[in-house]
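**Student:** Top to bottom, those sequences are chains A and B.
Quick note on the working numbering: the first sequence kicks off at 1 and runs consecutively.
Quick note on the working numbering: the second sequence kicks off at 112 and runs consecutively.
These are computed hints drawn from the structure, not numbers from a lab.
Quick reminder that beta carbons are idealized off the backbone N, C-alpha and C, glycines included.
Treat the hints loosely; a few may be bogus.
[To be verified] Restraint-style ranges between C-beta atoms, simulated for each label pair: (1) A:30 / B:114: 36 to 44 Å; (2) B:161 / A:53: 32 to 40 Å; (3) A:54 / B:129: 44 to 52 Å; (4) B:114 / A:75: 41 to 49 Å; (5) B:181 / A:92: 30 to 38 Å; (6) A:99 / B:195: 38 to 46 Å; (7) A:93 / B:239: 17 to 25 Å; (8) B:199 / A:52: 36 to 44 Å; (9) A:63 / B:127: 31 to 39 Å; (10) A:90 / B:161: 24 to 32 Å; (11) B:223 / A:43: 18 to 26 Å.
Here is what each chain is made of, one letter per residue.
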Amino acid sequence: MKIILVCCGSGVATSPQVANKINDFLADKELDDVVQAEPHPVETAKSRIETNPNIIVYVGIAPADDDLRETIEENNVTEIVGVPWLTGIGENEANAKVLAAVELATQKPTQ
Amino acid sequence: MYESMFSKSLVNLNVCVNNADELFDFIGKDAHEKGFANENYVRGLKKREAQYPTGLIFSDIKLALPHVDSIYINKPFIYVAKNAFPLKWFQMGDSKEMEVNNFLFLGIKEPQKQVGLLSSIIASFQDKSFVDDFKKIDTSDVMVKLMINKFAQIAV
Numbered sequence: 001m002k003i004i005l006v007c008c009g010s011g012v013a014t015s016p017q018v019a020n021k022i023n024d025f026l027a028d029k030e031l032d033d034v035v036q037a038e039p040h041p042v043e044t045a046k047s048r049i050e051t052n053p054n055i056i057v058y059v060g061i062a063p064a065d066d067d068l069r070e071t072i073e074e075n076n077v078t079e080i081v082g083v084p085w086l087t088g089i090g091e092n093e094a095n096a097k098v099l100a101a102v103e104l105a106t107q108k109p110t111q
Numbered sequence: 112m113y114e115s116m117f118s119k120s121l122v123n124l125n126v127c128v129n130n131a132d133e134l135f136d137f138i139g140k141d142a143h144e145k146g147f148a149n150e151n152y153v154r155g156l157k158k159r160e161a162q163y164p165t166g167l168i169f170s171d172i173k174l175a176l177p178h179v180d181s182i183y184i185n186k187p188f189i190y191v192a193k194n195a196f197p198l199k200w201f202q203m204g205d206s207k208e209m210e211v212n213n214f215l216f217l218g219i220k221e222p223q224k225q226v227g228l229l230s231s232i233i234a235s236f237q238d239k240s241f242v243d244d245f246k247k248i249d250t251s252d253v254m255v256k257l258m259i260n261k262f263a264q265i266a267v
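Using the sequences plus the hints, can you model the full thing?
**Tutor:** Have a look at this one:
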C-alpha cells in the first residue's frame with residue numbers, strides 16, 4: 001500500500017479532514033486498495049518520509065520548512081498544498097495532482 | 112449527538128477587540144472559565160496560531176478556525192465569534208495576510224470522534240445558502256439554533 005502523508009500542526013483537526021477528502025477521491029477512482037491518505041502531526045513528517053519508502057505524496061496544510069523540503073525532494077515525494085481540500089477552491093486541480101502522483105508511483109518499471 | 116458542543120454561552124457575535132492576541136485572551140479566557148478548556152488554553156492558542164495560522168478564504172466567506180492540541184481541552188466545544196470589524200490574520204497553508212471577522216474556535220478532545228463534525232463544518236462553509244444565513248445572523252439564540260440544526264445530527 002502506498003501512502004499519502006497529510007500533515008497539519010497537531011494532526012487533530014485539519015489534516016484528518018483533508019485525508020478523508022483525499023480518501024473519498026481515491027475510492028471514487030477505485031484506487032483505495034493501492035494508496036491511502038494518513039493524517040499525522042507535521043513534527044513526524046521528516047522521520048516518516050525518511051523511513052517509509054511507501055510514502056509517495058506529502059500534503060502539507062502548512063508549507064514545508066527547508067529541512068522537510070530537502071527530505072521530500074531527496075525521497076522523490078510529491079508535495080501538494082492541502083488548503084484546496086478545505087476551502088473547495090482549487091480542489092479539482094489538487095485531486096488531479098494526486099492522481100498524477102499516484103499514477104507515476106504505481107507504474108511498473110518498463111524494461 | 113454533538114448537541115453538547117454548542118451552547119448559547121459559546122456564541123459571541125458582538126466581540127470588539129483590536130487584534131488576534133486580544134481575541135485569544137477574550138475567547139480563550141471565557142472558554143476556560145466555563146470549564147471547556149484548561150488554564151493554558153490561551154497560551155496554546157497563541158502558540159499554535161503563530162506556528163500554523165488558521166485563516167481560510169472560502170468563495171463566499173472568510174473564516175478562521177483557531178484550534179489547539181487536545182491536551183488543552185476539557186470538554187469538546189465549538190465557540191462561534193464575530194468581531195465588530197475584520198482583524199488582521201494569516202492564511203492556513205501559505206501564511207499570507209488576510210482580514211477576517213468570523214471565528215470558529217474548535218475545541219477538539221477526541222479527533223477520531225469529531226472528524227465527521229469537522230468535515231461537515233468545512234462542507235457547510237463551502238455552501239452559499241448556509242454562509243448567507245451564517246453572515247446574516249446577529250443573535251446568539253439564532254446562531255446556536257443554526258449550529259445545532261445543521262451539525263448536531265451528523266453521524267460520526
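**Student:** Does each hint hold? Answer for all of them.
**Tutor:** How the hints compare with the structure:
{"no.": "1", "hint": "A:30 / B:114: 36 to 44 Å", "in the structure": "holds, 37 Å"}
{"no.": "2", "hint": "B:161 / A:53: 32 to 40 Å", "in the structure": "holds, 34 Å"}
{"no.": "3", "hint": "A:54 / B:129: 44 to 52 Å", "in the structure": "holds, 48 Å"}
{"no.": "4", "hint": "B:114 / A:75: 41 to 49 Å", "in the structure": "holds, 45 Å"}
{"no.": "5", "hint": "B:181 / A:92: 30 to 38 Å", "in the structure": "holds, 33 Å"}
{"no.": "6", "hint": "A:99 / B:195: 38 to 46 Å", "in the structure": "holds, 44 Å"}
{"no.": "7", "hint": "A:93 / B:239: 17 to 25 Å", "in the structure": "holds, 21 Å"}
{"no.": "8", "hint": "B:199 / A:52: 36 to 44 Å", "in the structure": "holds, 39 Å"}
{"no.": "9", "hint": "A:63 / B:127: 31 to 39 Å", "in the structure": "holds, 33 Å"}
{"no.": "10", "hint": "A:90 / B:161: 24 to 32 Å", "in the structure": "holds, 26 Å"}
{"no.": "11", "hint": "B:223 / A:43: 18 to 26 Å", "in the structure": "holds, 19 Å"}
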